[in-house]
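**Student:** The residues making up each chain are set out below.
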Amino acid sequence: MRGLRQLPAILYMTAAFAFIFLPVAMLVIYSFQNGPLPVPPFKGVSLRWYDALLADRKLMAAMGNSVLVGVLSSLAATMLGFLAAYAMARRPPRRVALAQFFLMAPISVSYLIIALGLLFTFNLVGVGKSLLVVGIGHVVINLPLCFAICYSQLGEHQANVERAAQDLGANDLQALILVTVPMLWPALLASFFIAFTLSWDEFVIAFLLSKYDTTMPVVIWSMLRSGLSPKLNAAGTFVFGISILLVLLVELLLGRKRTS
Amino acid sequence: MALVTATSAAGGIRAPRPAGLKRLALYPALIFTAAFFVLPLAVMLCISFTLRDKGVTVDWFTFANYRAFVERGDGVLLQAMVNSLEVTAVVTVLSILIAYPIAYILAYRVPARWQRLLLVLMVLPFWTSYVIRSYSWLLVLSENGIINRLLTGLGVIAEPIGMGNNRGATILGFVHFFVMLLTLTIYSNLVQIKESYRRAAADLGASPWQVLLHVTLPLSLPGVAVGAFLTFVLCIGDYITPQILGGSKELLMPQAIMRQVGRTADFSMASALSMILMGVVIIAFLFSARRLRMDRL
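These protein sequence lines map, in sequence, to chains B and R.
Letter by letter, the first sequence follows residues 0 to 259 in numbering that gives the first Met the number 0.
Letter by letter, the second sequence follows residues 0 to 296 in numbering that gives the first Met the number 0.
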């Protein structure tokens with residue numbers, strides 16, 4: 000009886016899962032296609048497209064660039080976000096509301112507009128397109144998130160321990176580096192990995208602000224022009240796989256903190 | 000100020016007086032945001048009032064670009080804005096309708112210890128890039144894709160049909176993404192609703208449908224509103240999904256903006272269009288913020 004009543008819910012969830020995973024399944028399955036087309040029929044498992052991926056100099060260079068831009072921009076965003084959160088936490092909410100609004104504002108503006116703004120501004124002062132500029136763009140989009148993650152994890156508990164450290168003679172800088180940062184490392188890592196994932200996947204900013212040296216999503220985009228190919232599936236599966244690993248890592252970091 | 004310090008000291012807690020380092024720590028982020036977010040937007044606003052012809056600025060203050068938005072090519076740009084608003088509205092409504100039951104079942108029908116895992120699984124593809132997600136839908140929709148194979152196999156259609164390169168494909172790609180986003184925001188709102196409210200309503204004789212309609216639904220509106228606003232912002236500003244899935248038969252606003260940058264390098268026009276797009280988002284924000292407050296009253 001109870002099972003019967005649950006039936007619509009089970010059917011709905013199954014359908015929803017199918018809808019959400021259909022494109023991902025097609026992407027991943029046909030990256031192993033033993034044939035030239037990433038569509039049915041499936042002709043058997045082969046790793047040849049992953050070999051092709053590794054042999055593609057341009058793609059490998061783009062991957063290196065993606066990692067470089069991702070790591071540096073995420074480090075910068077996490078550092079700026081953490082410092083701002085550290086400065087704002089435990090101050091009366093009304094006094095920091097404006098600064099908070101200011102820091103969170105980029106979240107409501109399209110990546111395209113942020114990219115164009117940077118493009119035109121750098122153009123005006125004579126700075127050319129480069130990976131550095133892409134990195135700056137990625138810090139702009141990630142800073143609000145990094146700030147929000149750190150801000151949400153800075154509670155009364157940290158304040159008390161910090162005060163204790165200061166009572167024991169630590170100065171501000173010592174308390175920050177020796178007490179606050181070690182206590183907050185799960186949040187800091189989570190913030191870093193979320194930022195890295197978003198930078199790793201980001202297209203429009205990288206597309207508009209980079210020139211010859213560019214990132215993975217941009218190279219995948221340019222490969223798209225020559226149509227569907229299992230090699231594209233392999234590249235997509237790889238990029239997606241890295242994102243998933245990082246997201247699960249974040250889930251573990253923040254999830255463990257919640258339960259402890 | 001002294002009074003505040005005195006009272007909190009009396010309460011046994013040392014007043015958190017922001018000392019040097021703690022105050023300075025705020026500035027790097029503020030300066031960065033001012034330099035690389037606010038300043039570029041201001042630059043864009045200024046550029047949008049200049050007129051460029053073949054790469055040369057011919058007029059330093061004019062509303063020509065904004066007028067061209069309405070007039071150029073029989074209103075092709077205005078049409079792009081209308082298309083964008085239509086697509087965004089359809090996507091937002093469809094996504095809410097699909098996501099709400101998912102979030103509801105997750106929050107109330109799934110045993111608590113499985114909820115987190117199921118939620119994480121459910122939104123896993125959320126973390127693919129727009130490019131790869133759109134490409135994946137291209138695979139599904141292509142003439143030899145799984146859907147055409149299924150339909151021809153079942154004899155529903157005789158010949159494979161082209162399903163990409165139209166508005167439907169764009170909407171499908173968007174809905175797929177925003178169902179996941181809305182599931183997240185609605186679920187996190189539903190689990191915060193106190194179980195006692197729902198139980199009280201049931202104890203007072205409300206049927207499950209009445210509980211849903213009169214208790215759960217009104218209390219979950221903030222989650223729906225937050226998700227809907229994010230959907231609106233991200234959907235109306237995305238260039239990749241319509242470009243890959245929709246093709247270029249019909250332009251959406253971000254595609255129209257990219258054309259100004261790509262083909263003619265008309266930065267002034269691109270800036271004006273960006274400002275208009277931002278203006279629409281701000282209006283939507285003010286509108287939804289007011290509606291939300293009204294719902295709470």
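No lab work stands behind these hints, which were simulated from the structure alone.
Errors might be hidden in some of the hints.
[Claimed, not checked] Computed, partial: chain B to chain R, Cβ under 8 Å:
(1) Pro105
(2) Phe202
(3) Leu231
Built from N, CA and C at the ideal position, the CB exists for glycine as well.
**Student:** None of the hints should be skipped; say for each whether it holds.
**Tutor:** Now for the hints, and whether the structure bears them out:
1. Pro105: 5 Å, holds
2. Phe202: 5 Å, holds
3. Leu231: 6 Å, holds
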